[in-house]
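Using the sequences and the hints, build the whole thing.
Chains as they are written, first to last, in our numbering: chain A, 296 to 404; chain B, 63 to 395.
These aren't lab readings, by the way, just hints derived from the structure by calculation.
Glycine included, C-beta positions come from ideal geometry on N, C-alpha and C.
Heads up, a few of these hints could be off.
[As the list claims (entries may be wrong)] Reference excerpt, derived from the structure (chain A facing chain B, CB under 7 Å, subset only):
1) Arg307
2) Ala308
3) Asn310
4) Met311
5) Asp312
6) Gln330
7) Thr357
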Amino acid sequence: MIDFGFGVNTARAINMDTNDLDTAREIFDRLPDLQTCIACGSCTATCTAGAITSFNFRKVHTLVRRGEYGEAYAEMSKCMLCGKCRLVCPRGINTRGVVMLIKKKLGDY
Amino acid sequence: MKVTVIGGGVAGIQTALALKGLGLKPVIIEKEDTLGGKLRGWHKLFPTMTPVGEVLEPLLRELREQNIPIMASTEVLGIETDGVITSHGKVESRATVVCSGFDLFDATLKEEYGYGIYDNVITSADLERMMNNGKVALVDGTQPRRIAFLHCVGSRDEKVQQRHCSKVCCVTGVKQAIEMRRWFPQSEIYNFYMDIRMFGSGYEEMYRSAQQEHGIQFIRGRISEAAPVPGGKVQIKAEDTLIGRPLKMTVDMLILLIGMTAGCSNSHWAECAGLEQSDSHFMRPLNVFEGNVRSALPNVFYAGTVTAPKTIGESLNEANAVAFRVAEYLKGL
Ligand SMILES: Cc1cc2nc3c(=O)[nH]c(=O)nc-3n(C[C@H](O)[C@H](O)[C@H](O)COP(=O)(O)OP(=O)(O)OC[C@H]3O[C@@H](n4cnc5c(N)ncnc54)[C@H](O)[C@@H]3O)c2cc1C
Ligand code: SF4
Ligand code: SF4
Ligand code: SF4
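Pasting the structure below:
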């Protein structure tokens, strides 16, 4: 068969009706501070891992909050737990704790 | 000396009280049969959740005690140099303070959200009314489990010729989200915002507590459309702009945070009188600094939301400021 290069793409939309939001809720329950994130990006800007890889801490934890766990676990493995993000977060979020919790909760995904 | 005050909302009431305090003779002309303006439709006020009666009642009591004349059910139809024309004839005065307030944005103009067409799409003003009536529920009487608020409906939107930011709707959205959390502790609540503008004292703190203590989720992105789904639910589409991907979800209730628009029924006579309007048709003050309560006409003044979206506190401040300016003008005559 000739391959014309066509394929069926999966929908890109974040579907809040089908996503499992329970795990996200468990994460919030353990670390309610995470909900106060104002998406300023300070954590990502200062992130040691983000400086040399595509790791974007703000985006990964926002994805988790929407129930998009797919790559979150693997992404979080890029973090070296240096804790610089916690020093700069204006909301005082325990960002390193967020990394640890996400890794713990999402090991199965 | 007699001064006409057009409109008996908070701005008009406080203007009359302040004028009286300076020894002048204010008369309030109000087109509705009761005073209070928009506040009569609100339940609890941001940022302190103060019941509206605690603000309005003392003002109305003071008006009665001061014996300030009120012409209710009387609409002002024009301003002249020696008074105002009303639906009940001319009222003479040496100066006029326009406190005619604002209009609520008509949400049916944003057809894509289905207000007035789909069930369970309501406005922030409708929600205040429901809370005043002591019953917040879906059309079929059941409780919503998933609720979405949409910011900036009828504000910052060229499509409906409303360029301005209505200023009070962000904090109203945060306030109402917290109230909905109290009504429905088990519900999921999402606020779709473009920018969160928490300009006033205590507002940012309220926003933070909405996030942290009340679990309200804020998603940055404007809902582009809503569609009805069976069972009275509404499906909404937006971009989660912080992730960069489209997002869709089905909600039980969609609440549109409608903006403040210029009082359009007054724009015709205001223009005839020589009063200027800004881009979004609010009345343009002489300037936004020391002339903020003056108009281009020496005997006509402004206070409150007639010139721009404002909070109650700001409207009251202007009312006090305008009385001082009116007294200054009359002294110079
Ligand atoms: C959804 C919503 C919630 C809000 N909640 C809060 C809150 O919690 N806290 C807060 O600080 N602010 C709040 N605000 C803002 C608040 O409503 C305004 O600051 C306030 O109403 C302004 O008072 P005003 O007297 O300028 O105008 P209005 O309240 O609009 O009063 C104007 C009066 O003038 C009368 N009038 C108009 N034209 C004429 C005419 N030609 N002749 C005679 N009479 C006329 C009208 O009938 C009306 O009574 C909210 C606004 C909205 C939209
Ligand atoms: S702790 Fe992890 S996420 Fe935070 S700055 Fe260090 S590498 Fe980045
Ligand atoms: S620094 Fe804190 S508030 Fe800013 S994006 Fe990161 S987690 Fe959110
Ligand atoms: S106050 Fe907030 S919701 Fe209202 S118009 Fe401004 S940005 Fe939009």
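Report the numbers of all earlier hints that the structure fails to satisfy, in ascending order. Per hint list: zero violations.
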